[in-house]
Amino acid sequence: MTEQTDIRPRQSWQRVTVAVPYLWLFIFFLAPFAIILKISVADPVLAQPPFTPSFGESGDLQITADNFAFLLTDKLYAITYLRSVVMAFMATVLCLALGFPIAYGITRASATTRNVLLLLVVLPFWISFLLRVYAWMGLLNTHGVINNFLLWLGVIDQPISMMYTDFAIYVGLVYSYLPFMILPLYATLERMDLDLVDAAQDLGATSTKAFWDITWPLARPGVIAGCLLVFIPATGEYVIPYLLGGPESLLIGRVLFDEFFVNRDWPLASAVAVVLLFLVVVPIVLLQRNLARDAEQAT
Amino acid sequence: MTDEPDKPAFIEVRDLSKHFDDFAAVDSVNLKIEKGELFSILGGSGCGKTTLLRMLAGFESPTSGRIYLDGSDITEQPPYERPVNMMFQSYAIFPHMTVERNVGYGLRKDRLPRDEIDSRVQDILKLVQLESFAKRKPEQLSGGQKQRVALARALVKNPKVLLLDEPLAALDKKLREYTQFELMNIQDRLGITFIVVTHDQEEAMILSSRIAVMQKGRFEQIGRPKEVYEFPKNRFVADFIGTINTFEGVVQDARDGRVIVASDESGSSLYALSDDPPATGSNVCVAVRPEKIYISQGRPDNTEDSCLPGVIEDLGYFGNISLYRIRLETGKIVQVSAQNRQRTIDRALEWDDEIFISWRPRSAVLLTT
Chain A
1 MTEQTDIRPR
11 QSWQRVTVAV
21 PYLWLFIFFL
31 APFAIILKIS
41 VADPVLAQPP
51 FTPSFGESGD
61 LQITADNFAF
71 LLTDKLYAIT
81 YLRSVVMAFM
91 ATVLCLALGF
101 PIAYGITRAS
111 ATTRNVLLLL
121 VVLPFWISFL
131 LRVYAWMGLL
141 NTHGVINNFL
151 LWLGVIDQPI
161 SMMYTDFAIY
171 VGLVYSYLPF
181 MILPLYATLE
191 RMDLDLVDAA
201 QDLGATSTKA
211 FWDITWPLAR
221 PGVIAGCLLV
231 FIPATGEYVI
241 PYLLGGPESL
251 LIGRVLFDEF
261 FVNRDWPLAS
271 AVAVVLLFLV
281 VVPIVLLQRN
291 LARDAEQAT
Chain B
1 MTDEPDKPAF
11 IEVRDLSKHF
21 DDFAAVDSVN
31 LKIEKGELFS
41 ILGGSGCGKT
51 TLLRMLAGFE
61 SPTSGRIYLD
71 GSDITEQPPY
81 ERPVNMMFQS
91 YAIFPHMTVE
101 RNVGYGLRKD
111 RLPRDEIDSR
121 VQDILKLVQL
131 ESFAKRKPEQ
141 LSGGQKQRVA
151 LARALVKNPK
161 VLLLDEPLAA
171 LDKKLREYTQ
181 FELMNIQDRL
191 GITFIVVTHD
201 QEEAMILSSR
211 IAVMQKGRFE
221 QIGRPKEVYE
231 FPKNRFVADF
241 IGTINTFEGV
251 VQDARDGRVI
261 VASDESGSSL
271 YALSDDPPAT
281 GSNVCVAVRP
291 EKIYISQGRP
301 DNTEDSCLPG
311 VIEDLGYFGN
321 ISLYRIRLET
331 GKIVQVSAQN
341 RQRTIDRALE
351 WDDEIFISWR
361 PRSAVLLTT
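Those protein sequences? They're chains A and B, same order as listed. Just so you know, the first sequence maps onto residues 1 to 299 in the numbering used here. Just so you know, the second sequence maps onto residues 1 to 369 in the numbering used here.
Only chain B is shown next, with the shape it has when bound in the complex (with noise of 0.2 angstroms):
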């Protein structure tokens, strides 16, 4: 991030808004990103990350704000002036042009010498895997195929910065896996900065260095991947990122960096830490994952956990994990993960068991907004 306040980083947004109407799909955002980054966008559909990505291109026009790239203020240029270049949801494949002839577009437009457009084309094609596929049709091509021939396109340019809507949404969960990867290594050979929009936090969460979590058309957060999984900001973060469990409460005390939160969401007193702790007697929610916590069949040693006796209503095998579903006294429900360290057919815990989950005060998030 740069100190000085005046010079942009290298893209920067500043206050931007666009409405439709009444309705303001993004409402006064600001963004720092660095250059050779991989920065996903993430939110729910409406949230108004494709709009946000639509005005980087070009294609909308804000309402206010100003958008600034390596320097200049790019909000008024058209988006075929601009050095950002974006592969589509759709792909949008040219379907009257050979694959060679589509990756090649852009450059025709810029009046590029012949030769210098055939050997970049073929280039980016190795780079892509699609060298052999350069005389296809786009109705020949699989739909990996036609996402490959996307990417090439958009890169060919060497633009800036490369947008990605939903880059891989519409391929199957193995092949989505499988590109993910190469998507990274791509941008880590070329190291052009990356802007991805997903509604998938898993993708948001491989692909990235940092996340922006979007909501209402506002950032709820931005962060590197951990610290947006592991401290989120507020509820909707905690709740938007992965599986997270709940409990309401009132502070009741708060020394040296420990919190005792009144729970009667959870029936007893929950323990979190924080460095700047909320006034006693202020409404709180301490939050903790599956992951974190452990189960037990008696009741653990340590008291500076939080521990909770219930029982298992639920339970499923998943081969490397289990997941728990537990019942407290008070009729909550709690989701627990476990590793299956152990390499047995009879199980430890059966549905019905009475048993403990506890968890260390340090994995408990504590949330005030």
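So here's chain A without its partners, still in its complex pose (with noise of 0.2 angstroms):
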């Protein structure tokens, strides 16, 4: 009986830890993604709020879906969800593909040179996203730094037009993204034995065989966490592809956007929010089970 009682306050304790982030969870995400659920599948009207009521005036349930419907039926829908999941996730092989060699680069350093490295991969955050996506601009405009410094070298007689292109477009998201890549692949490297790379040379891999054996396999868990951290937040970027895209690459981002505040049209906008994160949470969730059966397979 007395332990019960011991035992009982610490119990409580910890079921408030554990309800913290599910709270938390509940009203940031699960409560306004309920509230836009609700919204896509309710008509627009010219009111306020823009959309038609749940249930009538006599309680009866009025549901469409109508929103979902149309998004399949305009082509335009489909093929600005498939653009921009194409290019988030060529962003994201991009952001591995340079932020592998960079975080293993920074793990390599000395100690002192490793806390210089880190601190410049974090610095960008220090200034407003927005300022350093129009420093882009700046940077390459027609008549912009890198054209003119291109052309005062003689390597071009002629400007080349990079602004409002998809190049452009890359270029800002990998470098947006980049950090978001390089701080959990450097989270794993850093933990690895440097060991396990000699003996896996000693036992007769060449260093390329050494790497994909031994640092690939074990640098996994960075790889899909800094994956995720890029590829999901690219999928629904709006700032970069309006700032320095061109007007015939329009992604989910600018479509969500516009159907909101140009066209007022809250139940399709939602509509296509959701079906945005279902498109991103298919691949989380995949990955996620792939993680779990790993985990499990190492017991």
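It should be emphasised that the hints constitute simulated quantities derived from the structure, not laboratory data. Don't take every hint at face value.
[To be verified] Covered, in the sense of this in silico footprint (three residues per stretch, anywhere, with C-beta under 8 angstroms from a C-beta of chain B), are these stretches of chain A:
1) 187-198
2) 207-219
[Said to hold, decoys possible] Partial list, computed: chain B residues near chain A (C-beta under 7 angstroms):
3) Y80
4) F88
5) K109
Glycine included, C-beta positions come from ideal geometry on N, C-alpha and C.
Combine both chains into one complex, guided by the hints.
See the structure below:
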């Protein structure tokens, strides 16, 4: 009996600590998502708020799948989703290709150099994101810094048009999201015992083979975390394509914004958001399951 | 040892140096090791022993000098081409592979047929008594089991030389003693040349056929354990291996191999034997190990022995032996150990007893450097 009374306060505290993140997720993710979901099955009206309530005056349920159906009928949406996912995927691959050697290099640097390099990786966060994207506009413009420099060097005699192209979007995406790739990769690589690579080479693996046999599989948790941190926000990215991309490179973030604020079609915009969420959630669930399976094999 | 000057020994290291910036971690070292030896490189931390081992494995390229193995120059060979395998101090077991896959890794890199890999892995796991652990992941193993996985993984490729970096340092005392003998048995059975790097002199003494004592990137002495212990070449070796009492002095007379040293530190004349006695008047050091000293309550009759009066300052009873700290008239402390041959409760010797310590001339080592 005394045991129980002793344990109870600790258990309740444990419950509180576990409850906090759940509460947080409920208030700031699940509840807003429920509202978006509710709006996505309503009809648009010219009123305040600009959608029909879920229950009619007589209490009958009035929901519709029209908005989702509309997303299917207009090919524009499918193409835009696809383009967004492809661009985010490419940007993720580019970030990984650039970020891995950087993260690897940082772990191999001496302790003091390492801290300086890590500081340089996070330094851009001290400047407003918007300002940094604007800075790229100044660099990539037809009469921007890069073109002027190349003209002055005589490498080109006509300015290259980089602004308002997919190239500019990729530059913006990779530049902005690279730290999110480097940091988790660094965290995993830094924990790795360097003797492991030596041991692989000692047992007959060339440095390339040792990398693929040892370093790469052990870095996988970092690779997956980095890829998710880049892919998810890049898919719905609005500012970078809006400022750096051309009018023809319509991405889903832009569509979402326009439906909400230009067309004031909240139900359709909500439907776009719901579909986007599922497009992003599916790969996460797959990856998580993959990770869980690996963890299970490990034990 | 081979007498032909040009034919290198099984393993031969010639004038090998490794500099890191201005610091010489290994300083023109020469070494010959014969096939089937269990050779230890013994030294304190930072003496260059690990750097030397890493050069033998191929992880560090020497600044100068050459390494020969079984007649061929392997100095420029990358680690994955050398017929040499290493057991790491951290064991470096691949955490994402089972025991079986860890052990088979090297054979897979050699692209051997699967049946052969499987049977060789099974054989070597049997040798280290880990057959039932083949499917385990490294995190499910104890320290001793990990050590055996590391050993099996390094042995399975049948290397010409096995390098072991502090192989027993991470094990607790009991397991270490057991593993020492197991290592020797395995080495004996397979006939593979072992080179062990260690800071533990006891481990080196028990394991090795020969020991190289290393300090500041150089070898101070290379010899069999007994040679290194009983005939240390210089003060560093004498002091590093085991316990030793040293008395500074000046050579007074040397005749017929018998050297008389006037030692102010001991307050008396000391005797030692030497085939190549140092010149009269030169500074020397007479060194004698604790177990070679007798304690007696009266002055011994034998005048040939070195004999010094003293007082028992401290004594410790260890069961099988007793350790004494004797204070001489000059104030110097001498350590003496004695077997407890008699079964008795009352001690023959007690604190503050006035006694004499003595030792045979040939028990003393005469050190000139």
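Hints, verified against the model:
For the region 187-198 of chain A, the proposed coverage by chain B is satisfied: 4 residues have a C-beta within less than 8 angstroms of a C-beta in that chain, meeting the threshold of three. With 5 residues bearing a CB less than 8 angstroms from a CB of chain B, the region 207-219 of chain A meets the requirement of three and the coverage assertion stands. Of the supplied interface hints, the one on Y80/B holds, with its beta-carbon coming within about 5 angstroms of a beta-carbon of chain A, less than 7 angstroms. A least Cβ separation of about 5 angstroms between F88/B and chain A falls short of the 7 angstroms threshold, and the interface hint therefore holds.
Because the closest C-beta pair between K109/B and chain A is about 4 angstroms apart, less than 7 angstroms, the hint holds.
Violated hints are absent here; each numbered hint is respected by the structure.
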